[in-house]
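With the hints as extra help, turn the sequences into a complete structure.
Number of protein chains: 2
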Amino acid sequence: MAAATSVERVDSEMTRIMLGVNESSMKGYPNASISSKSAFEWTLNKIIRSNTSGFKLLFLHVQVPDEDGFDDVDSIYASPEDFRDAKRKDKIEGTHLLEYFVKRSHDIGVACEAWIKKGDPKEVICHEVKRVKPDLLVVGNRGLGPFQRVFVGTVSEFCVKHCECPVVTIKRSAEETPQDPVDD
Amino acid sequence: MAAATSVERVDSEMTRIMLGVNESSMKGYPNASISSKSAFEWTLNKIIRSNTSGFKLLFLHVQVPDEDGFDDVDSIYASPEDFRDAKRKDKIEGTHLLEYFVKRSHDIGVACEAWIKKGDPKEVICHEVKRVKPDLLVVGNRGLGPFQRVFVGTVSEFCVKHCECPVVTIKRSAEETPQDPVDD
Numbered sequence: 513m514a515a516a517t518s519v520e521r522v523d524s525e526m527t528r529i530m531l532g533v534n535e536s537s538m539k540g541y542p543n544a545s546i547s548s549k550s551a552f553e554w555t556l557n558k559i560i561r562s563n564t565s566g567f568k569l570l571f572l573h574v575q576v577p578d579e580d581g582f583d584d585v586d587s588i589y590a591s592p593e594d595f596r597d598a599k600r601k602d603k604i605e606g607t608h609l610l611e612y613f614v615k616r617s618h619d620i621g622v623a624c625e626a627w628i629k630k631g632d633p634k635e636v637i638c639h640e641v642k643r644v645k646p647d648l649l650v651v652g653n654r655g656l657g658p659f660q661r662v663f664v665g666t667v668s669e670f671c672v673k674h675c676e677c678p679v680v681t682i683k684r685s686a687e688e689t690p691q692d693p694v695d696d
Numbered sequence: 513m514a515a516a517t518s519v520e521r522v523d524s525e526m527t528r529i530m531l532g533v534n535e536s537s538m539k540g541y542p543n544a545s546i547s548s549k550s551a552f553e554w555t556l557n558k559i560i561r562s563n564t565s566g567f568k569l570l571f572l573h574v575q576v577p578d579e580d581g582f583d584d585v586d587s588i589y590a591s592p593e594d595f596r597d598a599k600r601k602d603k604i605e606g607t608h609l610l611e612y613f614v615k616r617s618h619d620i621g622v623a624c625e626a627w628i629k630k631g632d633p634k635e636v637i638c639h640e641v642k643r644v645k646p647d648l649l650v651v652g653n654r655g656l657g658p659f660q661r662v663f664v665g666t667v668s669e670f671c672v673k674h675c676e677c678p679v680v681t682i683k684r685s686a687e688e689t690p691q692d693p694v695d696d
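Chains as they are written, first to last, in the working numbering: chain A, 513 to 696; chain B, 513 to 696.
FYI, nobody ran anything at the bench for these hints, they're computed from the structure. Fair warning: there could be bad hints in the mix.
Same chains, same label: a pair holds when it works inside one copy or across any pair of copies.
No more than 27 angstroms apart at the CA atoms, straight line, and that leaves these computed lysine-lysine pairs for BS3-like [to be verified]:
id: 1; residue 1: Lys673; residue 2: Lys599
id: 2; residue 1: Lys601; residue 2: Lys615
id: 3; residue 1: Lys629; residue 2: Lys603
id: 4; residue 1: Lys539; residue 2: Lys615
id: 5; residue 1: Lys673; residue 2: Lys601
id: 6; residue 1: Lys630; residue 2: Lys603
On a predicted model such as this, the values are computed, not experimentally measured, just so you know.
This is the structure we're talking about:
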């Protein structure tokens, strides 16, 4: 796993595919969401196939900043150091999530880089696309109906519209969808 | 080039990529539009790369039926046979368009099939996706701004929303855009 600054265009002879990945809403860190895993597996099986040396995967995990801290029910913030610790905990959890994707890529023999950013996922993904200039962005999608989308919003729709590179959205398969499709 | 009926899922071990292709609005048949060619070249260079045996390309060309016949200014329709001839002419011109893509695929060594359908391009593409079940649909896009899109409409936006498979839209590069971006 390399720092974001090392993502340069030196490897321009490879096809560079960026994947937006997030944690499972049901199981939490370090588990990847079903849609992230679907997008990853689709990329491996349908695009990279046996040509492992022709591609480089760029895993981006965006963490939504927890402004009020209520998310982190076990923590008591008594000093500035406590906040630093909470940030460090986020970072460690995000790192464990990325580890799953990096390890699997490594096992298969596909080059990769992975990094974490804080912010609004859709905005950060588009910003990172602009900076890193991948050949393709692959994002998962929960496959929500129009009624559910109104409340949840979809990162993928925003990326298709605004990212400055080709974008492909991979829907979860029906059999992988949890009881409440808004989950995971 | 094979008939549409032969497009079966027997080659399921290959990644099957459908490409929607159309003629140049400026140069007419048999020239392919800039956006069709961009989508094709992107697929070859960024996805297929050297792995020519891992992919099969499915070229679909949709012809918009010319209801009043005014398009075909050189023709005089005096009998039902004349209409049959006009239809045949369409078919021949469409075939020449597909020939460009099939020949280039053949030269590179990528398996392919190509066929022509009549109808509203966006509806027909989605219908053919449902029937043929490709792993990915690649469509070109003229990269029109929101103002131009209102009048022209984009097939790619419709496909992203409605086709039952992953869809990737490839925009023309800025230097390939003709003076009037609605062209080609």
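- Please write out, lowest number first, the hints stated earlier that are contradicted by the structure. 1 and 5
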